[in-house]
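Engineer: Line by line, the protein sequences are chains A and B. Numbering-wise, this note's numbering comes out as the position in the first sequence, counting from 1, plus 455. Numbering-wise, this note's numbering comes out as the position in the second sequence, counting from 1, plus 472.
Bear in mind the hints are in silico, worked out from the structure with no lab data behind them. Treat the hints with care, since some could be wrong.
As the list claims (entries may be wrong) - Here are the in silico distance ranges between beta carbons for each label pair:
1. V595(A) - D480(B): 48 to 56 Å
2. M533(A) - T584(B): 34 to 42 Å
3. G613(B) - F464(A): 51 to 59 Å
4. V588(A) - T490(B): 52 to 60 Å
These figures come from a predicted structure and were not determined experimentally. Glycine included, each C-beta is placed from N, C-alpha and C at the ideal position.
As a plain string of letters, each chain reads:
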Amino acid sequence: MISIMAFEFFRNALLAGLLASVTCGIIGTYVVVKKLVALSGGVSHAAFGGIGLGYYAGFDPVLGAIGFSLASALGMGMVSLRAKQHLDTLIGAIWAIGMAIGILFISLTPGYAPDLFSFLFGNILLVPVGDLVIMAILAVMIVVVVIACYQIFLAVTFDEEYAMVLDIPVEIVTLLLLSLVALTVVMLIRIVGIILVIALLTLPAAISREYCSHLKNMMVLSVFVGILVTTGGIFLSYFLDIPSGATIILIAAGLYGLVLIERGLRKNKHRVNPGNA
Amino acid sequence: MTEAIKLDHVYAEIAGQTVLEDISLAVNTREFYAIIGPNGGGKTTLVKLMLGLIQPKKGMIKVFGGTPRENRRMLGYVPQFHTFDFHYPITLHEMVISGRLGNKSRVFTRYTQEDRRITEEVLITLGISDLSGREISALSGGERQRAIIARALVSEPRALLLDEPTVYVDAPAEQQFYNILNSLKEKMAVVLVTHDIGVVSDYATKVACLNRHLYTHDSGEITEEMLTSAYMCPVELIAHGVPHRVLRKHSHEGPP
């Protein structure tokens, strides 16, 4: 146990897990309470288009992912503010279009696309130091913005219409929040990959929702749940030699399952003894 | 008495359909203006026009002398019940105090002692201060309704707009609710829209009926004619637990 901590890659993996947990705990909380789960899924799959473009044009695929996820999040945000009834269809379309663009560019790129598998399924054990720096910058930025805008985000995500009556610039605030969602998604792609991002973004927050009645507490607990599942997943995947992304997600899913069972038991107990409630 | 809200020949459309036609009305401070009309008659649209949430197709709207968007911070708004998610992790206190955000800095917002004092006062007035730490999902319908009203009041509005506020309130709470509104009338203009004819109690100083057109009588009376015009069929006046209004004969006013 102590011996593996000596490996730099292992320390990097734990650090990446920690940084990802901080951002996905905070932003995932908004995703869950504002019901942005499908939109976030669309954003992460749209990012694949940017990754493909990066390979084809010869720049860092992560930059392509950032561009595509930001553009798709802002596009869907504009639609959600104006014509909510079309949003569901649009999310589905963007989801598939992003993947299609990515596949097309990668097939057009001569030779082998390195890392492609890790973009799709993630590999926290192979996160390069350069990515760690980017992740740290993103994490600090997201924390600062959320602290600065906490009350405004709360007002807008809770009751958009009333926020408008309070003269809060709802459109700008919504687009800012969606930009943070997009950046978080890109960050998480490194850890669990495009396909599994949505689970890491939502499961820790969904678990915390069962125990918190304040948004703030929910964020803090989500961060700790995130650290628990990513760290657990890193150790387990290393020792059992299984894929890290999938391991992390299954641990989170297992934990969520336990929480739901516990809630069911709690509710049942109340029903059996209504006099004590 | 100052003029709080004024509409001058206002037309409004929703999705290309005209829902309000040639609406003119004036609400003064210390007035309780009740607007009754059937569902789909344009009541919510009318309130949203006053708040500047939608723009009129034609005509002019003034709120305390300015446009609704300029001056909507002077308005308190009690929306129809289901405009937000009751499973959002927020306590009654957090929800109510958020009504004070209108005049605060947008970043690094901190609530002051004064914000907390006013919030506490409003919670006490509405009888929900002991629930202030409770999550809104754990509140009853009547308690939620009072929380929504409290949020509108903490901004110390000069006019209060209420959209179907009694839908989820049971009869005894309703009476209490109108008592509260009546005391507010001393400090601000109150505009109440509802589809329920019975709720317009003796407190209203002006009553109008709305169904695309506005039928007014410039007094706190509903007349059979106004109701018949608004509901497109003869409607019987029913009063729940309040003395029946006297229906007088009068000449027709408002658009034909």
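Engineer: If a hint holds in the structure, say so; if it doesn't, say that too.
Structural biologist: Okay, the hints, checked on the actual structure:
V595(A) and D480(B) have their C-beta atoms about 53 Å apart, which keeps the hinted 48 to 56 Å range intact. The supplied range of 34 to 42 Å is met by M533(A) and T584(B), whose beta-carbon atoms lie about 35 Å from each other. Separation of G613(B) from F464(A) is about 57 Å and conforms to the stated range, judged on CB atoms against 51 to 59 Å. Range check, V588(A) to T490(B): about 59 Å between beta-carbon atoms, so the 52 to 60 Å window is met.
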